[in-house]
Amino acid sequence: MVAFGQFLEVFISGLLAGVLYSLVALGFVLIFKASGVFNFAQGSMVLLAGLALVRSLDWLVAKGFPVWAAIIAGLLFAAVIMAITAFLVERYVLGPLVNQDGLILFMSTIGVTFMIEGAAQMLFGSDVYPLALFPNDAWFLFDKAFDGGILVSKIDVWGGVIAAVLVAGLALFFQRTKTGRALRAVADDHAAAQSVGIPLDWIWFVVWLVAGLVALVAATVWGTKLGVQFSITFLALKALPVLIIGGFTSVPGAIVGGLIVGAGEKLAEAYLGPFIGGGIEYWFAYVLALVVLLARPQGLFGERIIERI
Amino acid sequence: MLYRETGQFKTSYAADMAIFPIRQDRIALGALLIFAFVGVPALDAFQVWPFGGEYLIRAILIPFLILSLAAVGLNTLTGYCGQLSLGSGAFMAIGAYSAYKFGTGVRIPLEIFTIDIPPLPVFWCILLGGLMAAFVGILFGVPSLRIKGLYLAVATLAAQFFFDWLFIRVKWFTNYTSSGSVVAPDLTFFGLYVNKPIERYMLCLIFVTVFALMAKNLVRGNIGRQWMAIRDMDIAAELMGIRPLYAKLTAFAISSFMIGVAGALWAFIYLGAWEPLAFNIDRSFQILFMVIIGGLGSILGSFLGAAFILVLPILLDQVPHALGIAVSVETVSLLVFMVTGALICWLLIVEPHGFARLWSTGKEKLRFWPYPY
Amino acid sequence: MRAPSASDIAAGEILLSIENVSLSFGGVRAIRDVSFDIKKGEVRAIIGPNGAGKTSMLNVINGFYQPQHGRITFKGETRTKMRPYDAARGGIARTFQNVALFKGMSALDNIMAGRTLKMKRGFLWQILRVGPALTEEIEHRRRVEEIIDFLEIQAIRKVPVARLPYGLQKRVELGRALAMEPELLLLDEPMAGMNLEEKEDMSRFIIDVNDHFGTTIALIEHDMGVVMDLSDRVVVLDHGVKIADGTPDAVKANQDVIDAYLGVAH
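Chains as they are written, first to last, in my numbering: chain A, 9 to 317; chain B, -13 to 359; chain C, 608 to 873.
Next up, chain A with everything else stripped away, as it sits in the complex (with noise of 0.2 Å):
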């Protein structure tokens, strides 16, 4: 029982981790949706709105606010500079580079999250600032069952309460109002979209917007993990191989991709590692998303490309 005891604890640490990089992943899979744009810069906004909300917060504090307030100013806070972003963003890059081939709105993304990153710690500063919405220790669960239970951390349970919260906010957003509807238009073909008349720059930013708020909401998850530091924006390169598991137009998928990229890599970690020396949390996603890509080269829940000329 100890031993199935340990794969529990392990299967259900991974499935929680794999919850967050969903929620990097959502941020990828709306703007990807609605605009072709395959955004490197997800996981450096998760970074800049970490930044904002963490120091506006301790600053409200500091100069004696009480904390819900200070927690609502700091969440309203960094809601705007992320705004200000996709503002920016939307305006003075992708305008621009509307109808340009996909390798080239991926480059210019990549440019953008340099962009993010030097400018959030311009800004905010560049050491580790602890944030601590949501408790950071652990259950011990079944502990009758199993010699000295099962070790859940709260932090990740969190996340996963949020994240469903989140999909199920996303899509009534989508499903119900106006502004959704123009979204799914957009997604489905731009030009006919324009033709009836939904203005694409406006949703365009809505979009960015929308991502911009999800790495808000992954940051206030993280942040508490980690703290909110520079090695936050790795997270976008976690939620790579999510997205290529999951196709790159699919929110369950997103979310499917994370719990598998999750649960496999800390279970490969656990049973694997010992025999080929550790850490192979450190690549296991990715050949795992290669191996996927080699029988699906679509992921498994993107469309099936058909070719024509």
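Be a bit skeptical, because a hint or two may be false.
Claimed, not checked - Computed Cβ-Cβ distance ranges for the label pairs, DEER-style: (1) B:E261 - A:F148: 18 to 24 Å; (2) C:A769 - B:A1: 25 to 31 Å; (3) A:F242 - B:Q(-6): 24 to 30 Å; (4) B:S167 - A:D145: 37 to 43 Å; (5) A:G133 - B:W158: 41 to 47 Å; (6) B:K349 - A:G287: 47 to 53 Å; (7) A:W76 - B:G135: 19 to 25 Å; (8) B:V336 - A:V173: 29 to 35 Å.
No wet-lab data here; the hints were simulated from the structure.
Glycine included, every Cβ here is placed at the ideal spot set by N, Cα and C.
The hints should help you fit chains B and C onto chain A, whose structure is shown.
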């Protein structure tokens, strides 16, 4: 008025197909090569400004040459063949560690017998480093037949992370040194001991000149046309009898070979002693930026891009300094981030073919000057 | 050289024959049980309303689509499907409905790319670009220049094709196909979107290619005047089914064809 091709008549296809069909270009390139091969050593020998001390050669020219080679390598793959790679750092690492292993002797005990290769001369180590990288490049190129565009770019990241890990964790590659850091063997080339910066510079210059010339020959020949055909319209290319397998794998092989040689040079000649961190994903991005900024699909652009990316941090450091503004080291590094990022976006918007295209547009204007057309 | 007359063609050997070919994508049946042949030296037109399966037919012939049923016999060799590389090697060249040139390359390089299959030197020679590799490059350049002269596009040979107007792009694309020295040339709407003068030019090139080089041509075209003037035999497709096959005059008089184009009162 000087830059005119009027009166230069070409009487054979060979003349029209020369590397630089216009006489002024040939003269300019000749002058540049003479300066690089003769002028720089002479200026160094007499310590003429700005060659005083070793700073310029050691900290700018040598890295410039080596990274230019890596950029030329990546440009053949990404610029000419259209396959975006984010794994250049890994291929540099493969070149560096293979060269290191061949330089210190390879010993692989197997069941029946033991593979035992004695330490090889440095020159062959560097080339073998390139060959190993080419071999791995071909392996990672195979998926490119099924996986395209962005998906492929993510797949190349798999190479980056896997090799990062491999060289840190598998101690065999670092000859079991406790720190994981390794030291290059002595640089002896055909009996000549290369040690002074100017000597190292000459060595790099020879490698880079030869490989850049070879790359230029390839891209303007039949293979280069196959690469570009695959890049521009792979389906039409296939229907014309261009085999995607052959075109893509040769591009991966040639590109990885040059990047691998650049990695070996970087480790042996520039760094001397190094850790796996020297070839992490930041290196991959650095080389990619050189290619984008210099110009996708241009050999000249690779050099311009490398020069720019290397000089930018120095400029951002020195200019405020000269103006009397105190700027911290950290601010400079953040400024470099922002300016590089902004420049990439700006260039992609105004001129997706980078500095090289701006350069040729300038030349075009000059040919017709003072008339606009 | 003399153009083969109608009687020559009628007696001539069959270059390519399509037997009972069917092609479907998922539930959509693009081609249903179509058979026809192309004889050596003729100009064969494939016509039909939009969505009749004409382009799909060309895609089957040069191996881009692989049919679920049927056989293809090319130069005496029968197979169930073509592969793009084998088709190109066997001498089938192609132009495309929406110009599919290599946008980043000059007109000259585009046409030179058409010589790929004829160039033999490996890449070690090309790296050095001396001796055999250089001789080969020059030899092929000479052949390409002949094509450039033939198509009267000398002035634009070094211009990147993306900058050329549509009509010239079509011409460069024809040049690229000709550079392959094909035995069978497939032209997918070579005159779409052209004005009268450009159409006349293009018609002249097609006739010349057929006459001087003896190249067999299969073309898709919507301009009936052009089709009737150029082609020796016409096959008509409608909704993936062959509804007529014969000389232009016979096809013109066929009631099914008239119905397909004009619609039938039900």
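How the hints compare with the structure:
1. B:E261 - A:F148: 18 to 24 Å: Distance hint for E261 of chain B, F148 of chain A is violated at roughly 40 Å.
2. C:A769 - B:A1: 25 to 31 Å: Holds: the Cβ-Cβ distance is about 27 Å, inside 25 to 31 Å.
3. A:F242 - B:Q(-6): 24 to 30 Å: violated, 55 Å
4. B:S167 - A:D145: 37 to 43 Å: holds, 38 Å
5. A:G133 - B:W158: 41 to 47 Å: holds, 42 Å
6. B:K349 - A:G287: 47 to 53 Å: Check passed, 51 Å falls within 47 to 53 Å.
7. A:W76 - B:G135: 19 to 25 Å: violated, 47 Å
8. B:V336 - A:V173: 29 to 35 Å: Taking Cβ atoms as reference, V336 of chain B and V173 of chain A lie about 43 Å apart, which means the hint is violated.
When each numbered hint is compared with the structure, violations occur for hints 1, 3, 7 and 8.
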